[in-house]
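Protein chains in written order, with the working numbering: chain D, 1 to 137; chain X, 1 to 455.
Because the hints were derived from the structure by calculation, they are not lab data. One or more hints might be untrue.
[As the list claims (entries may be wrong)] Pairs of lysine to aspartate or glutamate, EDC-like flavour, derived with a Cα cap of 16 Å:
#1 K124/D <-> D141/X
#2 K124/D <-> E77/D
#3 K309/X <-> E238/X
#4 K121/D <-> D446/X
#5 K309/X <-> E77/D
#6 K121/D <-> D141/X
#7 K118/X <-> D446/X
#8 K379/X <-> E77/D
All values reported here derive from a predicted model rather than from experimental measurement.
Spelled out from the first residue to the last, the chains are:
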Amino acid sequence: MMANRNNLDKLFSAARGFGAAGAGIATITAVIYLASVGASAAGDTNAPVTTASAPKVKNTQTTAKPDKKAEARPKRELTGAELYAIHCNRCHAERYPAEFTDGQWKTLMLHMRVRANLPAKQAKLILDYLQDESGHY
Amino acid sequence: MKNQSVIWGIAAAGCAMTIVCLPQASAAVSDEDFNALKKLVVEQGQKIEQLEKTNALDQQQIQQLQQQLGQTQIVATNAAQKVETLSQIQPTYPLPNPTAGATHNFMLVGDAEVQFGKTAGQHSGFALADFAPIFLFRANDNVLFEAGFDTTLQNAGGPPGTGGGANTSFSMSFGQLDYLLNDYVTVIAGDMLLPLGTYNERNAGWLNKIPDAPLLDDQILPGSGVGAQLRGAVPVGEDGQMLTYSVYGVNGPGSVTGTGTAFQTSGDPTSGPNLDLGSNVGILGDGTQQNLHGNPSGGGRIGWFYPWKLHHDIELGISGQSGEWDDAGNHLWSAAVLDAAVHLGPYVEIKGEYANTWYGTDDAGTIHPHGWWVQAGYKLAGLNLDLPLVNDVELVGRYDGLNDGLGTKTDRYTAGFVYYLNNTLWFEGDYEYLSSHGPAGLPPNDFVLQLSYGF
Numbered sequence: 001m002m003a004n005r006n007n008l009d010k011l012f013s014a015a016r017g018f019g020a021a022g023a024g025i026a027t028i029t030a031v032i033y034l035a036s037v038g039a040s041a042a043g044d045t046n047a048p049v050t051t052a053s054a055p056k057v058k059n060t061q062t063t064a065k066p067d068k069k070a071e072a073r074p075k076r077e078l079t080g081a082e083l084y085a086i087h088c089n090r091c092h093a094e095r096y097p098a099e100f101t102d103g104q105w106k107t108l109m110l111h112m113r114v115r116a117n118l119p120a121k122q123a124k125l126i127l128d129y130l131q132d133e134s135g136h137y
Numbered sequence: 001m002k003n004q005s006v007i008w009g010i011a012a013a014g015c016a017m018t019i020v021c022l023p024q025a026s027a028a029v030s031d032e033d034f035n036a037l038k039k040l041v042v043e044q045g046q047k048i049e050q051l052e053k054t055n056a057l058d059q060q061q062i063q064q065l066q067q068q069l070g071q072t073q074i075v076a077t078n079a080a081q082k083v084e085t086l087s088q089i090q091p092t093y094p095l096p097n098p099t100a101g102a103t104h105n106f107m108l109v110g111d112a113e114v115q116f117g118k119t120a121g122q123h124s125g126f127a128l129a130d131f132a133p134i135f136l137f138r139a140n141d142n143v144l145f146e147a148g149f150d151t152t153l154q155n156a157g158g159p160p161g162t163g164g165g166a167n168t169s170f171s172m173s174f175g176q177l178d179y180l181l182n183d184y185v186t187v188i189a190g191d192m193l194l195p196l197g198t199y200n201e202r203n204a205g206w207l208n209k210i211p212d213a214p215l216l217d218d219q220i221l222p223g224s225g226v227g228a229q230l231r232g233a234v235p236v237g238e239d240g241q242m243l244t245y246s247v248y249g250v251n252g253p254g255s256v257t258g259t260g261t262a263f264q265t266s267g268d269p270t271s272g273p274n275l276d277l278g279s280n281v282g283i284l285g286d287g288t289q290q291n292l293h294g295n296p297s298g299g300g301r302i303g304w305f306y307p308w309k310l311h312h313d314i315e316l317g318i319s320g321q322s323g324e325w326d327d328a329g330n331h332l333w334s335a336a337v338l339d340a341a342v343h344l345g346p347y348v349e350i351k352g353e354y355a356n357t358w359y360g361t362d363d364a365g366t367i368h369p370h371g372w373w374v375q376a377g378y379k380l381a382g383l384n385l386d387l388p389l390v391n392d393v394e395l396v397g398r399y400d401g402l403n404d405g406l407g408t409k410t411d412r413y414t415a416g417f418v419y420y421l422n423n424t425l426w427f428e429g430d431y432e433y434l435s436s437h438g439p440a441g442l443p444p445n446d447f448v449l450q451l452s453y454g455f
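All chains, please: the whole structure from these sequences, using the hints.
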């Protein structure tokens, strides 16, 4: 009888833990989703990094519906230098490219790709930038 | 006709008289004049001869100069051709030979700190000499082994009069093998820094702008765990936005006494908590496991990162872990952590975490430790003042708190600064005000100065 109660307590405790964690995950997932949608919508009017040089289209007094394709901000791939500026400074002061050799940067970027969970392609672009600018072989 | 004959006669007579008179006029030049004239002519001849010789020398010099000029023109032409040739070559460094490049590379990175501090009720003094190297060994493009260590010099004595000397602690913070399976999955195994929040992985040590860690670090959350992990990132679009994930299994927390009681001695808060977040790391010297529960803990983190322009970004994450903690496996230890970080330009940074944990016990029901920290920094360079010393300063503030679930509650308010001597050498300082109550209460205030170097 006592063993059954302990098992029930254990089951209840586990269920409560996982339930709370699940509710938290669901809440954050919803927040992330809403933020993603908001960010995507805001991208039509704001000037994000990829459209810093793009001319803004002002809302003119016309009766015609705006051409969304024409207003869509032009997409371009971020450069290694831009990704370096975006990611590295999030956690630490930027390290100058000339501080390490090509081979050392390769090792460091493997380390940072794992530690900061960087996408492979972005990590490669950052590595290319650092190696191009390092001046050491 | 007669007149013409007369005129012709007179003219003929005049010519005859002229012819007769001329020899008499020549005969009038004296010998002296003649000799003088002769001498003059001879001297003029000598001068002409000298001038001719001089002219011949000049001609030789002119020819030599012309030859030298020609050689100079050839040299100049060659130089111009060389310059033109060089200008057409791209100013690049010698390209590395990929076939000769080593696939292996070993690096030493990490940080070192020295502190001077004063805690309320105690004498001030140099409090910490810490050396924390990280060894990185890249075996190839997809395999990296990394291990972090912490070497700290500390006072070996107890209270005054009970001992003396110093000793050095040496501990491994983490040691893990990373295998980059593909662009989206990295497999990790070993003693891993756990992605419960981001402090453990990305904010500790030299990366922290305040000399000490938030209260919850290593108090209610484990810093590392032995096990395996899958992690990766998926880019969303081309503007830097991405989703990240981590999923792992580790041994999980253990019990100091092996039992499931709240304190090491049941009902005695002074005996210390029985939950042991960091001990469950392997096999004992006698071949047995430190803890006997056989089921590992599971955990993970998902995150979203969005940079809307350079140096403007937001990151949100949620992470958690759950698993048995007592040897009998009767109780679970679980944690849920929310983390967030925002950068509003190159000068403003705000980040923080909230951690909620809970675990069952034999004698005190469910215990609910929880804590939080929020930290903000502002670099004075953003004021655009023409004051170099001021521009190298960042002001930081932090509010953190901890409830250990065993009767001790602490709130801490911290104000400090970072003076960037350069991008790796920092001089930091802070003043901390604490409000702490309970059996494990902390001193009311503290100030710390720290010199830290990241390498």
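Hint by hint, which ones does this structure get wrong, listed from lowest number up? 4, 8
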